[in-house]
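*Asks:* The chain contents come next:
4 protein chains.
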Amino acid sequence: MLIVMKPGTPEEEIQKIVSFIKSKGFDAHISVGEINTVIGAVGGKTIDRRDIELMDSVQEVIKITSSYKLSSRAFQKEDTVIKIKEELVGANKLTIIAGPCAVESFDQLESVAKNLSECGVKFLRGGAFKPRTSPYSFQGLGEEGLKYLRQVADKYNMSVVSEVMDISQIPMLLKYVDVFQVGARNMQNFILLRELGYINRPVLLKRGLSATVEELLMSAEYIMSGGNRDIILCERGIRTFETATRNTLDISAIPVIKKLSHLPIIVDPSHGTGLRDKVAPMSRAAVAAGADGITVEVHSCPEEALCDGAQSLYPGQFEKLYDELRRIAPVLGRSL
Amino acid sequence: MLIVMKPGTPEEEIQKIVSFIKSKGFDAHISVGEINTVIGAVGGKTIDRRDIELMDSVQEVIKITSSYKLSSRAFQKEDTVIKIKEELVGANKLTIIAGPCAVESFDQLESVAKNLSECGVKFLRGGAFKPRTSPYSFQGLGEEGLKYLRQVADKYNMSVVSEVMDISQIPMLLKYVDVFQVGARNMQNFILLRELGYINRPVLLKRGLSATVEELLMSAEYIMSGGNRDIILCERGIRTFETATRNTLDISAIPVIKKLSHLPIIVDPSHGTGLRDKVAPMSRAAVAAGADGITVEVHSCPEEALCDGAQSLYPGQFEKLYDELRRIAPVLGRSL
Amino acid sequence: MLIVMKPGTPEEEIQKIVSFIKSKGFDAHISVGEINTVIGAVGGKTIDRRDIELMDSVQEVIKITSSYKLSSRAFQKEDTVIKIKEELVGANKLTIIAGPCAVESFDQLESVAKNLSECGVKFLRGGAFKPRTSPYSFQGLGEEGLKYLRQVADKYNMSVVSEVMDISQIPMLLKYVDVFQVGARNMQNFILLRELGYINRPVLLKRGLSATVEELLMSAEYIMSGGNRDIILCERGIRTFETATRNTLDISAIPVIKKLSHLPIIVDPSHGTGLRDKVAPMSRAAVAAGADGITVEVHSCPEEALCDGAQSLYPGQFEKLYDELRRIAPVLGRSL
Amino acid sequence: MLIVMKPGTPEEEIQKIVSFIKSKGFDAHISVGEINTVIGAVGGKTIDRRDIELMDSVQEVIKITSSYKLSSRAFQKEDTVIKIKEELVGANKLTIIAGPCAVESFDQLESVAKNLSECGVKFLRGGAFKPRTSPYSFQGLGEEGLKYLRQVADKYNMSVVSEVMDISQIPMLLKYVDVFQVGARNMQNFILLRELGYINRPVLLKRGLSATVEELLMSAEYIMSGGNRDIILCERGIRTFETATRNTLDISAIPVIKKLSHLPIIVDPSHGTGLRDKVAPMSRAAVAAGADGITVEVHSCPEEALCDGAQSLYPGQFEKLYDELRRIAPVLGRSL
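So the protein lines, in turn, are chains A, B, C and D.
Going by the working numbering, the first residue of the first sequence is number 1, and it counts up by one from there.
Going by the working numbering, the first residue of the second sequence is number 1001, and it counts up by one from there.
Going by the working numbering, the first residue of the third sequence is number 2001, and it counts up by one from there.
Going by the working numbering, the first residue of the fourth sequence is number 3001, and it counts up by one from there.
FYI, nobody ran anything at the bench for these hints, they're computed from the structure.
Be aware that one or more of the hints could be misleading.
Claimed, not checked - DSSO-like mimics (lysine-lysine), calculated; alpha carbons at most 27 angstroms apart, straight line:
hint, chain 1, residue 1, chain 2, residue 2
1, A, Lys259, C, Lys2016
2, D, Lys3016, B, Lys1259
3, C, Lys2083, A, Lys6
4, D, Lys3320, B, Lys1016
5, D, Lys3069, B, Lys1006
6, B, Lys1022, B, Lys1069
7, A, Lys93, D, Lys3320
Just so we're clear, the structure is a prediction, and the values are computed from it rather than from any experiment.
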């Protein structure tokens, strides 16, 4: 922490600040500049920097060590690679996660999984719990949906990705799911994050609608501090003033995160745009920008989907996209 | 729902859309304009308007009925007034909720409550559960904190306002709390909102960091549809590009909400600004703009607070603010 | 400027950075912390801090001196008070600027000015140049409009506030106008700002739609560096994700600016909200938060206004508002 | 325009609205729904829809015809292709515009242009006028810089792209420049846009920092309504709450604009990110999302650049990027 004093602060005032931070267990290094004196505070416990910022003689307080450590590139130089069944996430081959928004029935799931599997997809996604804006909408099949996911995934040798919404669901999900997804609205549900730190299963962590990249990494840190290091980050759009798309998919977060962190980062273009005809362009953009993969909604018959059909690809559209990504991948030294 | 067709769409295409929406149970009214033909779709079940928007001949789909009803001014013309003990929220007298960010000890709470009560404050706030960014920070006193709140409030004839974070806490909170607070991060936690619809206790619902006013009203609707009509809305700042304040307190949401809804609306200037010296100006602004009250953090000794001391007022500052609000209130035909 | 090195950077690398910044004329102070070494760079010319940020061993570069000086509270402790005719802006008495969006005719202007003057208003506003979104809309009366402003203001002993849009208009405006207004879209038109630094007339500088408070102060600095110190800042709403109001009027900018700068700050609730029924609540909020005044659109017959009638007050509404502000002012130790 | 009446509005009130809009020259079509009555207003002159929105019985007023026509896909189905010398912008081959931020000297420009030309680049960019935040910074070479641009471009058979900042510069620029660039800060400088509508030279129009896609198309419309139809749109980043990048480059604007408009759209990753190491990933993303090209800053020696060196590519980096784009292009049926 660096404490920048106002120009012309008398020595006496500076010593007061020094005493204060020493009383909190910090070491203090004073550096006298032409205009401002700067006090470096090292060690010590966490203190709220606003407490110092409110002092009369202080111009600004600057945090210099990032709030996340385990998830940072400084802590681990090499990319994290996560092994899930025979697949490696964060390695050379792109990770493609696909499936319907919600599990609606065994047949619906089986039909789309067959298509996906034939393309080469190894991760099947689908929601079992769907608390919705309206209490009268479809709320998901619950455990029955999870069973279908497991059965269908086993049949086609795929892994299951599904969302956890509450700590009470963890034991049940452990029976069926290979990757626990944390939704954007739960990115800062610290009670849930803490529990996920104690399980031995990879977590797909989605960025919140108004979360900064730094906050996303802090949430990853929260899980990792419990012991679980297998975190896959996911960009899925932020809220801005632009209303032409549901959210603004922040493609630049990909190179930013690649520099700050060693964790794999994938992109969700379905929720990021909310419209089927924007999914393929944004998927290609994500891969071209260096993402480790995508998670995308596909439905055999989107117009009859019980949830988010408008952003689901038709199987034929997905095949075409898959082929496009396969052709872009080598430009980045990757494969699909 | 209004479906605006692209200019020059042939009659045949228009009939296709009409057939489609009729198949979904809607009535269709066609209105031929100079440039665009518009189809009004009335009745029918909820459909995802993006499904129609993706059709080739459709220019735009416009929702005309708001998603909230019970919370709207159209549904109820008169202001909702909520009786809590002897106090009325949403009536002529301003509602002032005050207290520390977190309950730290009986003595801390007793000391500040005494001050507040002497000013005339009737609502005591304090957090018992404090899941924090860092797992090493103070996490709250839990049920013990709630007991202190109840004891101290009873001693000074105040009501207790405290936050609920998870449905599992509801039964315990019912024993101690007069007003259930829902935090900004839980504004769209539909599982929690649904359960709060079934209890017989007022709910203070905070606006999410990136939630629109419409989304806030939809969340209120979610609770109200369960039967609980005693909702107090709370503006507490939105996330914008400006970094000079922690959030941008959206004072204009007050007159906007007063027009759209009959529910009382108060303002939280402590979280809205994050800095003690901005709390009084923004409290005055809130009341001057027509808010029904404020909720504000006060601590006998902010520099020793375990949580958010930097945004807590000293008792003396609070007294001064209380007096200022008392003087502004009559300009709006109110009292304090 | 503080250069924070990555943890574990070898001494050799640190010396490279030191040599580089010395070659740019800076002095370097090294401070070795537990985790990071920090290099303080003092003096020297302006350099782009991103150039250093891109170096491999650098974690972050932090600017510690603010970009504005003349406009800062550190440079001048006492509030700037600007004398315009017999009125003082930034002093005890609130400044009220009122009038129509655009000057439409002598009679229109005379009629509204009479009303305003009877209330006690001393500043008459009105636009003479109105480049509009559509090339077919009313474009303003030009110099004729300025003449009307001058004549009417002289008749009622008022001062004229009108917008300058281009450096070519400055000589003409100098003949008629007492306060030069710079619109939000021109807040960073540096060619215009530079020229306004050389004139001897107060400038009302509006905050841009997506400008931070710091950028607003830098624009004020730009004018002041030319010699003209009479700047009145104006908050008029920023663009956010919220669409319930045209813009989000940032009331918290008032206490923020009061702390950072000695310049007077007023608020424009007409453009800030875009709707007549929000103007009075937000005007009251602005004054209650500590603004030095407001600028507000008033029209004798808003429904016939050629420009922005929807946000113009009726004379009767303005009278009521004026009275409300007169009653709030003493709470802040001010008068009207 | 559609006027949605509040539920339960009496017939009498509806007739009042109908009379009002007829008095403004509109035809009115009434459509009675289950909940709301909707009045369609067709023809008539431009009126401010807020005037109607403020009426007591009106719930909402909805604009149904977009504000832009000439630039819309509805007006012209086929993509606009602009011929500049022997190159076609908006056609199959990607358009690459490259060069330094500012023209600094003949030698600097000649050196980088030689490199670019050898890669195959046909458009040379460079700024001659550089009004900067600080009055003490390099302000550009003015006409001398334009002469260098022309000479160097002619030598290598390239076209010149340079920014116009003020209508007074147009005649001079016409002597040297093949494409007039309008910067983000001038996107709504209607005086400038109007004049550019009368010249016979393509315009590269950059999106403003807080401009919506719709506003960008309206600004294009403004130029086109003067007769000049050769507009190239340019996405260059919007301002959001995220601070990890200077701006948030809105890649999703590319497919959005491709659907709404027939105009070519390119991307500026240099200003969009502000950091050299983000330029290549975002350039690839832009092309993969369907952009018609990019404009990118390249400098022979970025660390000595007088302007924005931190976001300029080294020639070697540019060569690598060019090769990557050449390999991605065929995936979209394009070439480079």
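*Asks:* With the threshold set at 27 angstroms, check whether the alpha-carbon distance from Lys3069(D) to Lys1006(B) stays at or below it.
*Replies:* Holds, at roughly 13 angstroms.
*Asks:* Given the hinted pair Lys1022(B) and Lys1069(B), is their alpha-carbon gap at most 27 angstroms?
*Replies:* holds, 24 angstroms
*Asks:* So if I understand the rule, the pair passes when the alpha-carbon distance is 27 angstroms or less; does Lys3016(D) with Lys1259(B) pass?
*Replies:* Holds - the C-alpha atoms of Lys1259(B) and Lys3016(D) are around 22 angstroms apart, at most 27 angstroms.
*Asks:* With the threshold set at 27 angstroms, check whether the alpha-carbon distance from Lys2083(C) to Lys6(A) stays at or below it.
*Replies:* violated, 30 angstroms
*Asks:* Hinted pair, alpha-carbon criterion (27 angstroms max): Lys93(A), Lys3320(D). Please report holds or violated.
*Replies:* holds, 22 angstroms
*Asks:* Between the alpha carbons of Lys3320(D) and Lys1016(B), is the straight-line distance 27 angstroms or under?
*Replies:* violated, 51 angstroms
*Asks:* Is the straight-line distance between the alpha-carbon of Lys259(A) and that of Lys2016(C) 27 angstroms or less?
*Replies:* Status holds; Cα separation ~22 angstroms.
The structure does not agree with the numbered hints 3, 4 stated previously, though it agrees with the rest.
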